[in-house]
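For the protein sequence lines, the chains are A and B, in the order given.
The opening residue of the first sequence carries number 1 in my numbering; numbering runs sequentially from there.
The opening residue of the second sequence carries number 1001 in my numbering; numbering runs sequentially from there.
One should not assume that every hint holds.
Using 25 angstroms as the maximum straight-line C-alpha spacing, the simulated DSS-like pairs for lysine-lysine come out as follows [to be verified]: (1) Lys65/A with Lys1132/B; (2) Lys1150/B with Lys1237/B; (3) Lys1068/B with Lys1054/B; (4) Lys1216/B with Lys97/A; (5) Lys1042/B with Lys1277/B; (6) Lys155/A with Lys97/A; (7) Lys157/A with Lys65/A; (8) Lys1248/B with Lys155/A; (9) Lys97/A with Lys1152/B; (10) Lys1242/B with Lys1287/B; (11) Lys157/A with Lys97/A; (12) Lys97/A with Lys1144/B; (13) Lys1150/B with Lys1277/B; (14) Lys1120/B with Lys1042/B; (15) Lys1277/B with Lys1287/B; (16) Lys1061/B with Lys1040/B; (17) Lys174/A with Lys1132/B; (18) Lys97/A with Lys1174/B.
In case anyone wonders, no lab produced these hints; they're calculated from the structure.
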Amino acid sequence: MQALTTRSKVASNKKMTFVEKLYIPAILGGLRITLNHFFKKKVTIQYPEQKREFAPVFRGQHVLKRDENGAERCTACGLCAVACPAEAITMTAAERKPGEESLYREEKYASVYEINMLRCIFCGLCEEACPKEAIFLTDRIVDTEYVRQNLVFGKDKLVEPINNRIDVSVRETKETREFKTHPGYAHNKLYTKPSKA
Amino acid sequence: MPKVTIDGIEIEVPDGTTILNAARMIGGKIVPPAMCYYSKLKTTGGYCRTCLVKVVQGSAKDPRPMPKLMVSCSTTVQDGMVVQNITSPEVMEARRGVVEFLLINHPLDCPICDQAGECKLQDLGYEHGLQKTRYEFPRRTFEKEDIGDKIKLHMTRCILCYRCVKVAEQLTPKRVHGVMNRGDVAEISTYIKNSIDNDFSGNMIDVCPVGALTDKTFRFQSRVWYVKPMDAHRDCKKCSGKVVVWMKDEEILRVTARMDKNNEVEEFICNECRFEKKDPADWVIEKPTHIDRHSVIAQNHYEDEKQLQLGKFTDPKMIPKAEPKLKK
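For reference, chain A alone in the conformation it holds in the complex (with noise of 0.2 angstroms):
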């Protein structure tokens, strides 16, 4: 019959030696290397009670910021969404209502944006495709869970606590922080009273 790999190796079926039926040459030989490792430094560390460091370009779970007064910097413009090669990014839009000013910077905002951690590959193309830095990936690592529909992130669990900010800043590169505030940019001015000339 012919071999259906070459790298198939015939099974030798000689027989052992006196010494090598013993195996007392083999146990402590195993044994050695056991206790060797007694004395080498530990490769393995206590999680979660202790936590390696995370490098500044870690990506973990996603936040939704807000901005300096409180409200949301998402506009639902879709961006994330089509940047996701995942297709793990859904969201609805809604009009802000009069009054709703600071919960909402723009016009338009999200009332569901949800991230399927499931699909989520944590490439931070969402992060590069946002115009209005409203989305970060974090060194937080998403946590486990036991049923599929919880691991589908609604805004509770996305946008950034107001009480409890998320620092994103290390993840802010020069050019991130003059988007911000440059006034160049239209995005950050603020249409808050409209005025005829």
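The hints should help you fit chain B onto chain A, whose structure is shown.
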């Protein structure tokens, strides 16, 4: 029949053709962009200056160049005329300046605007514009005005192309809106808050090159690249009934008129078709609308089976016919 050479491509056109229309007959990359000229409406053009071209040879009889850049939408061709559009650095520089001027007062709220993805100013800005504005003064703002329950007016986005005014003038018997005031404070408005409720008033949404006039029934419903455009028709007493329905799953979110290759409306449709017929049962759906593959709307939009199978674009219509040649 005058012969005209545009960017090294020669074409014979009927008498009285404008340079822009001659370029459109050639097609491809050499067509100057036009924000205000609309071939389906009379007396449009000449406001926006984006279609500027350089005439390096006036005609065969008088080969002197025209001293300044010409507006191609209202300059007629003469026999032996030689025109430069994208092959002239001077034209590109001038167009960049025009785009910068158009964007001075434009709010650039594309993430909010429903027109984003099919906006001509967005395309123009992407192609020619600077990333930052050099303008430091506050942008022009207007008091929000309600012009009816079907059409939303965002005056801050308007570039004053006058197309919507011409639609109202030429398509509807009584125009109730127009441009008020002059210069910097000119604005589109309805006369003493008259709401626009004519049968064909909805067409001003389609002719608007920016997001100044948008469909209120589609407002913030979805981004245009998530809806699938499909050619459809129905029996309509008022109009031809030939439209494009924009579908999300089995739902019709928006109805627009069909656009030709110059992004101009083929046949104007009535408001009943546009705003009221949102049930798929009202329409006979023919086929997916042809979308240029460079458009963001072409994302996940498949037009024929061959394309679906091969996963690439084999339509010969998409390959540009003539390439511009640099004159030595």
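Against the structure, the hints:
no.	hint	verdict
1	Lys65/A with Lys1132/B	holds, 24 angstroms
2	Lys1150/B with Lys1237/B	holds, 21 angstroms
3	Lys1068/B with Lys1054/B	holds, 7 angstroms
4	Lys1216/B with Lys97/A	holds, 15 angstroms
5	Lys1042/B with Lys1277/B	violated, 30 angstroms
6	Lys155/A with Lys97/A	holds, 19 angstroms
7	Lys157/A with Lys65/A	holds, 12 angstroms
8	Lys1248/B with Lys155/A	holds, 23 angstroms
9	Lys97/A with Lys1152/B	holds, 16 angstroms
10	Lys1242/B with Lys1287/B	holds, 12 angstroms
11	Lys157/A with Lys97/A	holds, 23 angstroms
12	Lys97/A with Lys1144/B	holds, 14 angstroms
13	Lys1150/B with Lys1277/B	holds, 13 angstroms
14	Lys1120/B with Lys1042/B	holds, 20 angstroms
15	Lys1277/B with Lys1287/B	holds, 18 angstroms
16	Lys1061/B with Lys1040/B	violated, 32 angstroms
17	Lys174/A with Lys1132/B	holds, 16 angstroms
18	Lys97/A with Lys1174/B	violated, 34 angstroms
Violated hints for the displayed structure, listed by number in ascending order: 5, 16, 18.
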